[in-house]
Amino acid sequence: MKKIIYSILIILVFSALSFGVFFISDHYAQKWQSNKLFKAKLYDVNGKTWSIKSLKDKLGIIYFGYTFCPDACPTALNNLTIALEKIDSKKLQFEPIFISVDPNRDKPKIIKDYLSSFDTIILGLTGTDRDLKSFTFNIGATYSLSREDPEDENYLVNHTVGFFMITSKGASLPIPYRNNPEDLARAIEQIKSIQMSNSKFKKISSIF
Amino acid sequence: MNQKLFFTTNILILTTIAFVSIISDIGAKNYTYKQVNASDPWARATSKLAKTGAVYIKNIHNKGKNAVKITGFSANIAKKVQLHNTVVKNEVAKMQHIEFLEIGPNKSVQFNPGGLHIMLMGLKRPLEKNSHFPLIIKFEKLGNLEIMVDIKNIGWSQKKPSNYKHVHH
Ligand SMILES: [Cu+2]
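Read top to bottom, the protein sequences are chains C and G. Taken in order, the first sequence gives residues 1 to 208; the numbers are from this note's numbering. Taken in order, the second sequence gives residues 1 to 169; the numbers are from this note's numbering.
Treat the hints with care, as some may be off.
[Stated by the list, open to error] In the DSS-like style, the derived pairs of lysine-lysine whose C-alpha atoms are separated by at most 25 Å in a straight line are:
#1 G/Lys51 with C/Lys107
#2 C/Lys133 with C/Lys107
#3 G/Lys138 with G/Lys63
#4 C/Lys133 with G/Lys94
#5 C/Lys112 with G/Lys124
#6 G/Lys129 with G/Lys58
#7 C/Lys109 with G/Lys124
#8 C/Lys107 with G/Lys94
#9 C/Lys109 with C/Lys48
#10 G/Lys48 with C/Lys107
#11 C/Lys41 with C/Lys133
#12 G/Lys152 with C/Lys86
#13 G/Lys152 with C/Lys112
#14 C/Lys112 with G/Lys48
#15 G/Lys129 with G/Lys152
#16 C/Lys192 with C/Lys90
#17 C/Lys109 with G/Lys79
#18 C/Lys53 with C/Lys90
#19 C/Lys107 with G/Lys80
#20 G/Lys34 with G/Lys138
#21 C/Lys112 with G/Lys51
#22 G/Lys152 with G/Lys48
#23 G/Lys124 with C/Lys107
#24 C/Lys133 with G/Lys89
#25 G/Lys152 with G/Lys124
#26 G/Lys141 with G/Lys107
[Unchecked claim] According to the in silico footprint, chain G covers these stretches of chain C (three or more CB under 8 Å from chain G):
#27 103 to 114
#28 154 to 165
[To be verified] Going by beta-carbon spacing under 10 Å, a handful of chain G positions derived as facing chain C:
#29 Ala43
#30 Ser47
#31 Thr52
#32 Lys79
#33 His97
Calculated from the structure, these hints are not laboratory results. For glycine and all other residues, C-beta sits at the position ideal for the given N, C-alpha and C.
Next comes chain G alone, as it looks inside the complex (with noise of 0.2 Å):
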């Protein structure tokens, strides 16, 4: 009886977790070079006149052994692109550029709205919603790993999957 109970219970656990999964795999992206993974990269879009632009990247996860360094990125559509972080500090919002970055083992760095952020200077052409654009990640020692960044409107939050449905209708 406690067994049926215990097995019951761990099947719907189990299609729980799977059918979580699921859901989240939808319109999910993933970019996996080496030992590093780049998941949902996005920009918002911008209006015609626009000289920048910024890039986030939901998570870069680094399943490998040893620590790894992002040491710049570059992408044709602008001039100049460069790791930025927003810090605010008694109440006054600052972009710091940032020359590095080192992703220790199994761990993983998110770029979300006012902080980490790639910055785009020098937009060459508009960021056009629901476009895409490629960029390439630089990391020492391993090499380029080029990722599609999506451009979303600029009501878009990754934060919030309602908001995602809601562009799509």
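Bound conformation, chain C alone (with noise of 0.2 Å):
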């Protein structure tokens, strides 16, 4: 009997120690991830310098691409727009973000300019190579220019194609890619919902 009882405590303690490794584990590799997040410098387009902090208490929703793009990048960046319009008219939770990975062509006077033309306030951002490739690794988004002959100033940017939600705590989640402004905003949603719990998680694991 004492035999069963021990076995079924040690395999307690156990249990508890290796989640709280877990535990404890995750919550520094996040820190850490997040951290890089913080370091990577990205600038608006009036020059400013941005940071994630910035977001505040809203969740900001990323894109990757490049103003050269007539085809995809318009296409997801107006499903957001509609997406958004039906789930957060007033942006009040969200902060549509376009990061152009293109920083040789993209000046922040073209961002600005291509910006202007979806029907929704995009905050436009771009960073020196260096920054962008550091960003994207740490998010999960990758980047890289398809040109065959160095002169050819109409090169093309493979990048990734869905968006990513972010706070300003650097936890970021990857969005399901939708090609439709309906499944985008149910994505939306549901990417936020685990945002929000995983959120109040770390609130109790910051006790640890």
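Mind docking these for me? Both chains are given alone in their own frames, and the hints should help you get the complex.
Structural data, given as structure tokens:
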């Protein structure tokens, strides 16, 4: 009888310990990742530096693209515009953000002009190639130039198609790729609820 | 009795079909040349400093008995016009240049956002909404088909007729 109680106790202690280790290591891994996100310096279309801290209580919805892109990028940003019109028309919860991964051609003036044609205000950002590489890597996105001739000014850029939802604390989640506003709106709501429950969980875990 | 019922249902079906085709014909533009037909070419309006644009065509249909081959496009509005396809692989979007496109007998191709598009590079002037510009589709052997591309505002979507109405009020 005693043996059984002891083994149950050992199992309980062991699971509590491994749970705690997982809890703490996960906490630090995320902290390390979000620190990297804070370090990458991005600037807006007026040349002012921007950090995820300025999101405050809003959830940023980030798209990585370039203004030379006439198909995938406007289609995605337009889907986002319509989706947000449906679920957050006053923009109290979400901040749509376009980050150009083509800083060589996309000067602030060009990004500003490009975003002016959408029916909603989209925050335009870019940075140095180094900062962009670090930011995209730590959020889980990627981009690469597709340029055969180095003289060719009409080069294309391959980039992640999906949006990312990010908090001012640096917690980010990918939003599954959807090619129409209705499905995108649903995906945004789903990821938002995951973000919300995650941040509640983090408040508890910060006690440790 | 039964025959009468059959007759009325038939009339009803016929009128419905006629009604639907009238509705879908409002605003539809068709360009026919020999055995090919291109319908509803459009492009999204661009901002003032834009260097590129994309042209979409709702449908290109080959009603002939032989395959046709598109070998290129040209438009005065841009320095370079290329057939592109946006391909999403491992969550990464990539535009691929397509040299030529074959349409089999009695087959169609669609050019929609996020897929096949005619890419305009080096725009000489921005694409202004509610205006239009000519574009030439070059077919091997057949010759050239000239179409007029309608420029829609950025929120316009080909698939949603409700948005189409929205543009016009
Ligand atoms: Cu293209």
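How the hints compare with the structure:
1. Taking the CA atoms of G/Lys51 and C/Lys107, the gap is near 13 Å; set against the 25 Å cutoff, the hint holds.
2. Between C/Lys133 and C/Lys107 the CA atoms are separated by roughly 17 Å; this keeps the pair inside 25 Å, and the hint holds.
3. With a CA separation close to 17 Å, the supplied pair G/Lys138 and G/Lys63 stays within the 25 Å bound.
4. Our distance criterion of 25 Å between C-alpha atoms is met by C/Lys133 and G/Lys94, whose separation comes to about 18 Å.
5. Distance check on the hinted pair: C/Lys112 and G/Lys124 sit about 20 Å apart at the alpha-carbon level, within 25 Å; holds.
6. Between the alpha carbons of G/Lys129 and G/Lys58 the distance comes to roughly 18 Å, so the proposed pair stays at or under 25 Å and holds.
7. For the hint pairing C/Lys109 with G/Lys124, the CA-to-CA distance comes to about 19 Å; that is within 25 Å, so the pair holds.
8. Using a Cα cut-off of 25 Å, the hinted pair C/Lys107 and G/Lys94 holds, with the two alpha carbons roughly 22 Å apart.
9. Between C/Lys109 and C/Lys48 the alpha-carbon distance is near 13 Å, which keeps this suggested pair within the 25 Å criterion.
10. Between G/Lys48 and C/Lys107 the alpha-carbon distance is near 14 Å, which keeps this suggested pair within the 25 Å criterion.
11. Proposed proximity of C/Lys41 and C/Lys133 is supported: the alpha carbons are some 11 Å apart, at most 25 Å.
12. As the CA atoms of G/Lys152 and C/Lys86 are separated by approximately 22 Å, the hinted pair is consistent with the 25 Å bound.
13. At most 25 Å may separate the alpha-carbon atoms for a hinted pair to count; G/Lys152 and C/Lys112 meet this at roughly 21 Å.
14. Straight-line distance between C-alpha atoms of C/Lys112 and G/Lys48 comes to about 11 Å, which keeps the hinted pair within the 25 Å bound.
15. Under the criterion of a C-alpha separation no larger than 25 Å, the hint pairing G/Lys129 with G/Lys152 is consistent with the structure, at around 5 Å.
16. Our distance criterion of 25 Å between C-alpha atoms is met by C/Lys192 and C/Lys90, whose separation comes to about 17 Å.
17. Restraint check for C/Lys109 and G/Lys79: satisfied, since their Cα atoms lie roughly 23 Å apart, inside the 25 Å limit.
18. Distance restraint check for C/Lys53 and C/Lys90: the Cα-Cα separation of roughly 21 Å lies within the 25 Å cut-off, and the hinted pair is therefore satisfied.
19. As the CA atoms of C/Lys107 and G/Lys80 are separated by approximately 23 Å, the hinted pair is consistent with the 25 Å bound.
20. Proximity of G/Lys34 to G/Lys138 is assessed by CA-CA distance (about 13 Å); at most 25 Å being required, the pair is judged to hold.
21. At roughly 14 Å between alpha-carbon atoms, C/Lys112 and G/Lys51 fall within 25 Å of each other, so this suggested pair holds.
22. Simply put, G/Lys152 and G/Lys48 have alpha-carbon atoms about 15 Å apart, close enough for the 25 Å limit, and the pair holds.
23. Restraint check for G/Lys124 and C/Lys107: satisfied, since their Cα atoms lie roughly 20 Å apart, inside the 25 Å limit.
24. The straight-line distance between the Cα atoms of C/Lys133 and G/Lys89 is roughly 20 Å, inside the 25 Å bound, and the hint therefore holds.
25. As the CA atoms of G/Lys152 and G/Lys124 are separated by approximately 18 Å, the hinted pair is consistent with the 25 Å bound.
26. Between the alpha carbons of G/Lys141 and G/Lys107 the distance comes to roughly 18 Å, so the proposed pair stays at or under 25 Å and holds.
27. Counting residues of the stretch 103 to 114 of chain C whose C-beta sits closer than 8 Å to any C-beta of chain G gives 4, which meets the bar of three, so the coverage hint holds.
28. Using a Cβ-Cβ cut-off of 8 Å, 7 residues of the stretch 154 to 165 of chain C lie near chain G, which meets the minimum of three, so the contact claim holds.
29. For the restraint placing G/Ala43 at the interface with chain C, the shortest Cβ-Cβ distance is roughly 9 Å, inside the 10 Å limit, so the hint holds.
30. With its C-beta approaching chain C no nearer than about 4 Å, G/Ser47 sits inside the 10 Å limit, and its interface hint holds.
31. A cut of 10 Å between beta carbons decides the hint on G/Thr52: the least distance to chain C is about 4 Å, and the hint holds.
32. Here the hint on G/Lys79 is kept, as its CB sits about 9 Å from the closest CB of chain C, short of 10 Å.
33. Nearest Cβ of chain C to the Cβ of G/His97: about 9 Å, under the 10 Å cut. The hint holds.
Violation of the numbered hints given earlier is absent; every hint is satisfied by the structure.
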